[in-house]
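The chain contents come next:
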Amino acid sequence: MSETWHADPRDLAEYSAGAIADARAASIEAHLVTCAHCRGQVNGLVDQDRLERAWFAIVDTLDAPRPTLLERVLGRLGVRSDTARVLAATPSLQGSWLLGVVVALAFATIAAQSGTDRGLALFLTLAPLLPVAGVAAAFGPTLDPTWEITAAAPGGGFHLLLLRAASIFGATLAAAALAALALPGLSWTAAAWVLPALALTLTSLALSTFTSSERAAAAVAAGWIAVVLVSAHGTQDLLSAFEAGGQLRLAIVAAAATMLVARRRDLFETRSHL
Amino acid sequence: MATIDDRSDPDLLRALAGDDRSALNELYRRHSAWLLSRLARRCADPDVVDQALQDTFVAVWRKPGSYQGSGEVAAWLWGIAIRRLIDQLRRRPATLHRVDPRDATSPSAEEQVLLGVQHGDLAGALDRLSPELRAVVQATVLDGLTTREAARLLGIPAGTVKTRMMRAKPLLREGLI
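Residue numbers (the numbering used here), protein chains in the order written: chain A, 64 to 337; chain B, 2 to 178.
In isolation and in its complexed conformation, chain A is listed as follows (with noise of 0.2 Å):
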């Protein structure tokens, strides 16, 4: 760009000083969009140890690693950063994850889709367990990359249990319940799993505070798989789990499994169970 005029020096250090009138500062900012010259002259007149802290932040800024995008969803929905960045490292929050359990319940729901009792009873069995094999892989040494160090932040755990927790449960609820929504003939069995997982990951909670919270699960998975199969053995109805009668027993199960972690909750702190 060659400027046939540049700006008056006094004027630069008036303008950059913040000590001009608005009409003339117009005119010089206008001015120096297109002339490289006089910017420069504004260069010795801006306060160097200001810019040198502003460009060292901007490097920081680029060297520290993005939140990703779930960090950034969850921030934009007013999760607190630090909160946000625990969730998104929770593995079974992460794509993978939520791959398979997607795929889990796409095979259960085309199960279901024949339209037997068999594909239904198939589809309500395996989406409680869902949610339990999520929080359970949050929790182990096993599947959890930042388990130890969860292990040795001081205070917090259980707070961290329960949001990891919910969360999980959330995610794998949603999921579910879209699948549900492709079952054929809607009716009550759409949303008949909903108090087993609840029922089914409190247990597994409150199990995971005498053992591992994978064989927690692993017993927890064993043990529905069994009551399934014998109550539909004895009454000859493959859903008679999932029945009012059921329903009712799910939810004393639940309520006993939420009174057994708040009492045990400072097992979650230590884990010294582990």
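Relax, there's no trap hidden among the hints.
Listed next, with one range per pair, are the computed distances between beta-carbon atoms: (1) A:V165 to B:S9: 46 to 54 Å; (2) B:A45 to A:L140: 26 to 34 Å; (3) A:F119 to B:R91: 24 to 32 Å; (4) B:G156 to A:R113: 22 to 30 Å; (5) A:A76 to B:G19: 33 to 41 Å; (6) B:G156 to A:R278: 52 to 60 Å; (7) B:S71 to A:G81: 26 to 34 Å; (8) A:Q111 to B:D7: 17 to 25 Å.
Calculated from the structure, these hints are not laboratory results.
All C-beta atoms in this analysis are idealised placements derived from N, C-alpha and C, irrespective of residue type, glycine included.
Fit chain B to the supplied structure of chain A, relying on the hints for placement.
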């Protein structure tokens, strides 16, 4: 920065796409000072101004491709900077906006005459506007902001920006006649 970097501004932007940190440093060396001065005229809080300046160069580093390849890089940079400033102001509602545009330094009668010679009567008309009207003209006409962006920058409702602009127009027109 001992050696002189003779790449043009668009060349530097192209180098940014190849993760060239020295190109960003050179752009910063050339443009940070005047951007800082210009931002400081629009916001009285130096922390907000510094943050907007930093955000500007972070945005440039991450999206150098949004420069269309024609026109002044400086103008493009200012477009980013003023919007980063508005973003900062929106996030900090408690920030004091620039309320009083230097009434203490309003030009003397003698200077008014000189201004008339230097810039024509429009400049005089602009300076004769009340500070509130002048701030709106500056944001919408000179900085090219939308009504909503100007409202955020000045910390007033969008409707107020519109009515002030309507009041300012005839006053500026008088200055030209």
